[in-house]
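Trainee: So you can see what is in the structure, the chains are spelled out below.
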Amino acid sequence: ETGVTQSPTHLIKTRGQQVTLRCSSQSGHNTVSWYQQALGQGPQFIFQYYREEENGRGNFPPRFSGLQFPNYSSELNVNALELDDSALYLCASSLPSENTEAFFGQGTRLTVV
Amino acid sequence: DQQVKQNSPSLSVQEGRISILNCDYTNSMFDYFLWYKKYPAEGPTFLISISSIKDKNEDGRFTVFLNKSAKHLSLHIVPSQPGDSAVYFCAARSNYQLIWGAGTKLIIKP
Chain A
286 ETGVTQSPTH
296 LIKTRGQQVT
306 LRCSSQSGHN
316 TVSWYQQALG
326 QGPQFIFQYY
336 REEENGRGNF
346 PPRFSGLQFP
356 NYSSELNVNA
366 LELDDSALYL
376 CASSLPSENT
386 EAFFGQGTRL
396 TVV
Chain B
5 DQQVKQNSPS
15 LSVQEGRISI
25 LNCDYTNSMF
35 DYFLWYKKYP
45 AEGPTFLISI
55 SSIKDKNEDG
65 RFTVFLNKSA
75 KHLSLHIVPS
85 QPGDSAVYFC
95 AARSNYQLIW
105 GAGTKLIIKP
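Here the protein sequences come in this chain order: A and B.
Residue numbers for the first sequence follow my numbering, beginning at 286 and rising by one.
Residue numbers for the second sequence follow my numbering, beginning at 5 and rising by one.
Hints may be right or wrong, so weigh each one.
To be verified - Residues from chain A that face chain B, not an exhaustive set, calculated with beta carbons under 10 Å:
1. F330
2. G341
3. C376
4. P381
Said to hold, decoys possible - Pairwise CB distance ranges, derived in the manner of DEER restraints:
5. T305/A / G64/B: 38 to 44 Å
6. Q302/A / K72/B: 45 to 51 Å
7. L324/A / Q7/B: 18 to 24 Å
8. Q326/A / I22/B: 24 to 30 Å
Keep in mind that the hints were calculated from the coordinates and are not lab data.
Every residue, glycine too, gets a C-beta built ideally from N, C-alpha and C.
Starting from the given sequences, assemble the full structure and let the hints guide the process.
Mentor: Set out below in structure tokens:
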């Protein structure tokens, strides 16, 4: 059974650029959630995908978008990067049951300069 | 507005003693609470959870207590071990998302 893996682990981008982050979910998990964790804060929910459709969204602007593929892997895309987008981006996979814990990847550290 | 609060940014405990981490929440509609542990350069790992219909859940050295009237939960670790040094997050489930506290850094002193 493989865990949740994210790529890349670190990334530096320039303000205004676009970035794509990738996540492979844990085997058997069809629900993927993305979180942004700024320094010194807890993770903030961005959105969740279930069976290739967005299933819920947090308070993030439309320039944050995502995809889920038939194998349940997922991408997070951020357009028009801003300095405040610098953060750790975490992907979590789970089963859709309400009382199932989410399993997290190691995160992608994005720095916008 | 922070719906989940961890008011202690850090906590230092002697090895072998009890560690108590606290978490307060404001939304009475939360029906499931979780504790995660995070080491540097790793993603959070699930520790223990509790449903809102219970007031206690125990798993080995870890026990979570829920006081719904006070909207407060706590994580007890006993005995504390050096490997417990990490950042601990409490999270509350609301529909499809987890609402997280800011975390408490636990330091276990030898």
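Trainee: Indicate, hint by hint, whether the structure satisfies it.
Mentor: Going through the hints against the structure:
Taken as an interface hint, F330/A checks out: its beta carbon lies about 4 Å from the nearest beta carbon of chain B, inside 10 Å. Given the 10 Å rule on beta carbons, the hint for G341/A holds: about 4 Å separates it from the nearest Cβ of chain B. At about 8 Å, the closest approach between the beta carbon of C376/A and any beta carbon in chain B falls short of 10 Å, and the interface hint on this residue holds. Hint on P381/A holds. Least Cβ distance to chain B is approximately 9 Å, under the 10 Å limit.
Between T305/A and G64/B the C-beta distance comes to about 40 Å, which sits within the given range of 38 to 44 Å. At about 47 Å, the CB distance of Q302/A to K72/B agrees with the hint of 45 to 51 Å. Hint check: L324/A to Q7/B, Cβ distance near 21 Å, so the stated range 18 to 24 Å holds. Between Q326/A and I22/B the Cβ separation comes to about 27 Å, which falls inside the hinted range of 24 to 30 Å.
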